[in-house]
Every structure is written in structure tokens, then in C-alpha cells.
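Based on the provided sequences and hints, a complete structural model is requested.
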Amino acid sequence: TSLAKLHHLEIVHRDIKSSNIMLDDNEQCYIIDFGTAKSTFYNKTILGTVPLPPEIVAAYSQQHTGFVTYDGAAADIYSFGLLLYEMLPKSSYQQLDINALPNTKQLLLAQAQSKAYLQVYIDQIFACLDPIPTKRPRANYLVAIFQSIPPTIEIKLCMSCEERERTVRFLPCQHKVMCEQCWQQWRTLNNTNVECIVCKKIVTIHTQDNCDATFFVQPK
1 TSLAKLHHLE IVHRDIKSSN IMLDDNEQCY IIDFGTAKST FYNKTILGTV
51 PLPPEIVAAY SQQHTGFVTY DGAAADIYSF GLLLYEMLPK SSYQQLDINA
101 LPNTKQLLLA QAQSKAYLQV YIDQIFACLD PIPTKRPRAN YLVAIFQSIP
151 PTIEIKLCMS CEERERTVRF LPCQHKVMCE QCWQQWRTLN NTNVECIVCK
201 KIVTIHTQDN CDATFFVQPK
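Residue 220, in this note's numbering, is where the sequence shown stops; the numbers in between run on with no holes.
Be aware that a few hints might be false.
[What the hints assert, rightly or not] Below are the DSSO-like pairs computed for lysine-lysine, each with C-alpha atoms no more than 30 Å apart in a straight line:
1. LYS135 with LYS5
2. LYS135 with LYS200
3. LYS135 with LYS17
[Unchecked claim] Simulated restraints, written as ranges between beta carbons of each label pair:
4. ASP25 with ILE197: 38 to 44 Å
5. SER18 with LYS156: 22 to 28 Å
6. ARG187 with PHE215: 18 to 24 Å
7. SER148 with CYS29: 14 to 20 Å
8. THR214 with ILE32: 33 to 39 Å
9. PRO131 with LEU23: 27 to 33 Å
10. THR188 with SER18: 37 to 43 Å
11. ASN191 with VAL120: 41 to 47 Å
12. ILE21 with ASN140: 16 to 22 Å
13. ASP25 with PHE146: 18 to 24 Å
14. ARG187 with LEU23: 37 to 43 Å
By construction, these hints were calculated from the structure, which means they are not laboratory data.
All values derive from a computational prediction rather than experimental measurement.
The beta carbon of each residue, even a glycine, is placed where N, CA and C say it ideally should be.
Set out below in C-alpha cells:
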């Protein structure tokens, strides 16, 4: 919403990146460092952090031909898309290859580790990164889209690998603390008398359910 408010006032930041985003103790987000900001949408100055929007790269290469203007708000949205990509959980981080966006999108979808990955979220990242500035969404539209996403239950990660979602519930102790992969490794390592990693009770059977609670007493 901060970026939407800036653009509503016709102020462009021109250097949206992770190091210019701060969180307070209540996880409220703030944009900082307005040293490059300008009170107009259309700009001539070449500023920002790489990778730059393609129109700014083009403007830089055409400086010798005279003044070249670009939409600063659209450039902010492009940088916001890069920020969203950086924030999106991935099995391993790699620098975004702007020249391979379609392949990158499929890679993100293939690496989805939990229901926290929302198709709409990934779609908006790539909408922000559209090479044509006029096709990028406006900040107020993005606010409406993200606010329309229903709140999801907090994803609890496996207590062993701390990467994948918990899927296996131990019986009879009822603890749900591991993913399927770690459970298989744990069971193979211990052979017989496999213990719950929380309460140390012997696991006689394991199951899966839709409840995210670490401990759940099933109805009789």
C-alpha cells in the first residue's frame, strides 16, 4: 500500500529494492531512502539498481540522441516485481534471468513446496515484469489483488529439514512434525522402534490429515 500511496501523490521512488524496505516490530512495511524520488511520473534521469527495467536500459542507450522519457511509476512496478520474486520462497535462490521469464515461471511452479504458493501471486510477479511498461499493473490494482486473497493458515514446516510442509502425523502420540521425505529417512535410519522426535514415544503407525495442528486428538 505504501507504493500505491506514493503513486497516488504522483511521486515515484525510482529505487525499489529489498534494502530499501523496512519492517517494524508489528511487521508493518515501510519504504525508505527517498534520495532518488521525484514528484512526477515521467522521468529523464537514469537511476535505479540492476536489473533495470528494459525501458530504462533503452533510454540509457539512446541518451546521445536527445532526451528520452519513461514512466517512473511503471519502472517502480517493475522493480516491485523483482522484489516479489526475491521474497518468493524457493528451494534455492538464483538471480532472476530476465531473458528466460517463461522458463523461470515454470521453475517456480515446479518448486512449489506447499500451499503457500498461490498462482495469483506468481502471476502478478510476471505481470510486473512485463517488458512493455503500459501492460504492467498499477500499484493500486496490485493492492486490490493481494488484499482479495483469502488469509491462509500459517504453514508449519518440518521440524527436521525446516524446508517442506509437515504432512506426517505419528500415532498413537498424534504429533504432526515431519514431512514425508524426512519421515522415510528417519524410519530407515532407526529400523525398528522408531520414536517421535518430540515426545520420544514409539510410532506404531503414521497417517496424514488436513489439520495443521502439531498435536491433534482425533474424535473417537
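Okay, the hints, checked on the actual structure:
no., hint, in the structure
1, LYS135 with LYS5, "holds (20 Å)"
2, LYS135 with LYS200, "violated (56 Å)"
3, LYS135 with LYS17, "holds (21 Å)"
4, ASP25 with ILE197: 38 to 44 Å, "violated (32 Å)"
5, SER18 with LYS156: 22 to 28 Å, "holds (25 Å)"
6, ARG187 with PHE215: 18 to 24 Å, "holds (20 Å)"
7, SER148 with CYS29: 14 to 20 Å, "holds (18 Å)"
8, THR214 with ILE32: 33 to 39 Å, "holds (37 Å)"
9, PRO131 with LEU23: 27 to 33 Å, "holds (31 Å)"
10, THR188 with SER18: 37 to 43 Å, "holds (40 Å)"
11, ASN191 with VAL120: 41 to 47 Å, "holds (45 Å)"
12, ILE21 with ASN140: 16 to 22 Å, "holds (19 Å)"
13, ASP25 with PHE146: 18 to 24 Å, "holds (22 Å)"
14, ARG187 with LEU23: 37 to 43 Å, "holds (40 Å)"
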